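> If you're matching them up, the sequences are chains A and B in order.
Position one of the first sequence corresponds to residue 1 (this note's numbering), numbered consecutively onward.
Position one of the second sequence corresponds to residue 1001 (this note's numbering), numbered consecutively onward.
In short, the hints are calculated from the structure, not lab data.
Hints are supplied without guarantee of correctness; some may be wrong.
Not the full set, but computed from the structure, chain B residues with beta-carbon under 7 Å of chain A [as the list claims (entries may be wrong)]: (1) M1535; (2) A1539; (3) P1543; (4) S1610; (5) I1619; (6) T1622; (7) S1623; (8) V1628.
Now the in silico label distances, taken between C-beta atoms and shown as ranges [to be verified]: (9) S1450/B x A155/A: 33 to 39 Å; (10) N322/A x N1590/B: 35 to 41 Å; (11) E363/A x E1580/B: 47 to 53 Å.
What you are looking at is a predicted structure, and each value in this text was computed from that prediction instead of being measured.
A virtual CB, placed ideally from N, CA and C, is assigned to each residue, including glycine.
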Amino acid sequence: MWWRSASFILDRQQEQNAAVPPNPESLLLSSPPPSMADSLQNPKPDISAYYQTRAAHHAVVTSDWLAQAHAAVSIQTDDDDSSVIDGKIAPAAGGRGGDKAFSVIDEFNSWRKQPDLAEAVAAIRALAAVIKASQATTMMELEIELKKASDSLKAWDTTSISLTAGCDLFIRYVTRTSALEYEDFNSARSRLIERAEKFGEISCKARRIIAMLCQDFIFDGCTILVHGFSRVVLEVLRTAAQNKKHFRVFCTEGRPDRTGLRLSNELAKLDVPVKLLIDSAVAYTMDEVDMVLVGADAIVESGGIINMMGTYQIALVSHSMNKPVYVAAESYKFARLYPLDQKDVGPALRTIDFGVPIPSKVEVEKSARDYTPPLYLTLLFTDLGVLTPSVVSDELIQLYL
Amino acid sequence: MDPRRSARTVSDPKVRQVGFFTPAAPPERSCSDPPRQLDPIQSLSPSSAQVNDHSPSVDSVSPVMIPPPPHNNSDTLFRTDLQVTSPKTAFSYSAKTVTLPTENEDVTSSLSPSRKVVTVKSSSSYPCVKASSVPASELTTVSVVNLPPGISEKAGGASVEVLNDRPVSSKSLKEKTSKAERRALQEAQRAAKAAAKAEGTKASSAASKVVTSANTKPSKAAKPSSQKNDGSQVAAFEKKVGDRAPEKDRKKDAPHPRMQYDDTSRVEKAKKRAVVKQTEVRNRVELFRHLPQYEHGTQLPDLETKFFELDPMHPAVYKVGLQYLSGDIWGGNARCIAMFQAFKEAIKDYSTPPEKTLIRDLTARISSYVSFLIECRPLSNSMGNAIKFLKNRIAKLPLVLSESEAKATLMSDVDRFINEKIIIAEKVIVKHAVTKIRDGDVLLTYGASSVVEMILLHAHELGKQFRVVVVDSRPKLEGQLLLRRLVRKGLSCTYTHVNAVSCIMQEVTRVFLGASSVLSNGTVYSRVGTACVAMVAHAFRVPVLVCCEAYKFHERVQLDSICFNELGNPEAISKVHGREDINYLDGFVNQEKLQLLNLVYDATPSDYISMIITDYGMIPPTSVPVIVREYRREHLWS
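With the rest of the complex left out, here is chain A:
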């Protein structure tokens, strides 16, 4: 049998407990004139805001980060722990909600703080807020305004691919939905907002779909190597554990933000046997491994993925040992990018804590992610179905052309 959408797998399972992300407290939309605060600069352009937030979400604390957080706390005494972290990244976010002009970036940052919300979804929600705040009276005006907003968002954090992908996707939706042309402006507007709001839901549903699709691939007694902390991967493993599958997981440590620790923590709660490896022990343990399962920051047009640093080498090792490499990622992570090699993607830098002072002469590779070519990937689990890497480009062409 053949289904157009992979979501059948959800329908088949009658468990429709829609785990909608906690809705935001309030949108705080005083709807002032939409002045895109373009002057608002990313305070630390050399450090990827994307990875900062991820670190915050995962509550993994490096000593360097702690020191900065302490400093931030001393400046502004805020109880909310996430905004403490945020205070360090974007002080502008603190002044939000006052008489300050509406800014997409603030909006985006506030959405981003929700740990369950993907970056792309946050971007789309932020753009929806732009629509709400906008005083445009024609579709064209609105489109231009949205374009501006998305450009400023993209410029704010150029390192985040999912932010870019999310913006592109939404703009694409706005410009491409032909139905919008024919209805009157207000209903078109509300349709767009509704669509944006649905996106959060979709992102959660996507994870469920992927988790269900993956179940066929996780067999009893298998050993899964996992790299980094991915919400989708966690969902997959959680579902497998709930389905009473017997498997064990090898977690890499995931230096420097030690995402593997966090994942192993979560898995231990689920009573899944977990073994923690240091990152350099991947090749050593590969012969025990049955499959590699990773998430992705972005799936690019070639069918390769951009993911946390170290994915490439794991893929290389598993390829040479003929182990399958599976990628679990939502379809909104498909990005119109085509890196030819590692350096082709703009580096997303982050601070790395070595524990000991490093002489200033010594250079440190700070990039947070690498690119894994499609050659080394076996299958991609997405909410569109289980895809081979070459299908990604087909999907993208149909989406964007």
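Based on the hints, put chain B in the right spot on chain A.
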């Protein structure tokens, strides 16, 4: 749309018969033929498409195929007409469409030989039909009686009949219409035109005219002349066939690139039609015998003398053909643009001959031009696509347009194609490709691709710091031309021959290649040597970027570069220009044991290609079919 189609159908009764004649046709079928001859009337109605649908299925005998008569007035006209002549034929269309009346049985017994020829004529397009299998009916003889003597005489002379059961391969067909055939065509077309002109009043007057002209068809059949299918007729036929299914259309419309040149009988036939007198090279490499290879340099003077004699060929087309032949126009884009410019000229100077329709005649004209160009040099895939586009535009011309309007539309279409699919496409490709050039890169290119040149120059204009390695090969040495232009613009370049590519590849960071065509399995069909460069680059893990406009994408799949390729002048590799001391092969060229192979293209498997840059963006080679699919849609049905 409909009136145009019908007009076309009117003018060629041949096709109309085809569907109903079968080798093993039961007698009652053949006797139901005469009314079908009159189909032109009926074809004024939208059902013509339906008729066309049936025509290919020669063997199917089912009466369901027979289209019902849509026009009552013509029907009655015909009926009365026939009733005058022969009471036997006084059956109605409706009777025929359902199972045939039994009264027809006796008709079959008295079938006269004149019918036979008509059948054969129809079979000319379908080789399997045997003339003898269908008995002729007496009806036709009767109808002759009915005709004015002048017409019947004319028609008799015009019998278009092809006894040689050569299949209608859409190979290049020279435009050598026999007088008789031409007259037959004109006869039919005149009727068609009359019908079309009398738009309002066509119902009665035109219909009757058509009836008569249609009646002439069967009657004229007396004289069996065994001449070849002429180009225009075949083309017209193709057009008609094209109406029914796009696939068929595509197959037929596309100039058939693959005549197997080791099939001697066919080669002989093709030669007879050829304008360009090519002499075959004697010693061809065993594996490549199916490809055409000619002595170079012999035809040019011959053709030049013919310049003023060849009336059917437009001078502009002729010029382009000569340029292809002499190698003055070489690159894929250049050839395509030159061809289209020539066609544009030809369209501009075109005037529909009396008693012909623009759509059909122009298509035939273009086809003859194309076959002439093929004789000069085999078409590239991109040119095939372009020709398909043009023919499609011609076929889709609304009938209401006047001749000048139609010509203007076509000329603007041609311009639009050149502009959108080639020039703007190149710009878009450049825009995409430049993002892949970083400071400090060493870019390698092979041969001389116009797009790659634009990319390099543009990147240089943007102030990117990079070096270029131009790899070249004998015998064309076109890389030198590129090198010259690059150096003049101030790029730092390295020039080397393909022999050294493995040495130079170490320092290269990107390989940019042009392509003649990209096939749907991702294979890149390009200048010979490209595959070698791509493979070396792959071995060194250097990304290979192929820059190719989407109009060059082709739905064909090719696994090697043997079954479809082009052979260049073997002399080019046996001799080195300007080196008199390298004369080892002097006098050996015509030796029986020596076979020289100068291939023009090769196929690079998609494994060695990292990315294809097209006007639709950067795609992996696995996505070519998607582009081909999407592109076709907008290309053919826009």
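> Would you mind marking each hint as holding or not holding in the structure?
So, going through the hints one by one against the coordinates:
1. About 16 Å separates the beta-carbon of M1535/B from the nearest beta-carbon of chain A, more than 7 Å, and the hint is not met.
2. Against a cut-off of 7 Å between C-beta atoms, the interface hint on A1539/B is violated, since the closest Cβ of chain A lies about 14 Å away.
3. Of the supplied interface hints, the one on P1543/B holds, with its beta-carbon coming within about 4 Å of a beta-carbon of chain A, less than 7 Å.
4. The beta carbon of S1610/B is positioned within 7 Å of a beta carbon in chain A (closest approach about 6 Å), and the interface hint is therefore held.
5. Nearest Cβ of chain A to the Cβ of I1619/B: about 6 Å, under the 7 Å cut. The hint holds.
6. The interface hint given for T1622/B holds, since its Cβ lies 4 Å from the closest Cβ of chain A, which is under the 7 Å cut-off.
7. The beta carbon of S1623/B is positioned within 7 Å of a beta carbon in chain A (closest approach about 4 Å), and the interface hint is therefore held.
8. For V1628/B, the shortest C-beta to C-beta distance to chain A is roughly 11 Å, which exceeds 7 Å, and the interface hint is violated.
9. A hinted range of 33 to 39 Å holds for the C-beta pair S1450/B and A155/A, which are about 35 Å apart.
10. Taking the beta carbon of each, N322/A and N1590/B are about 56 Å apart, not inside 35 to 41 Å as hinted.
11. Checked against the hint of 47 to 53 Å, the C-beta distance between E363/A and E1580/B comes to roughly 60 Å, which is inconsistent with it.
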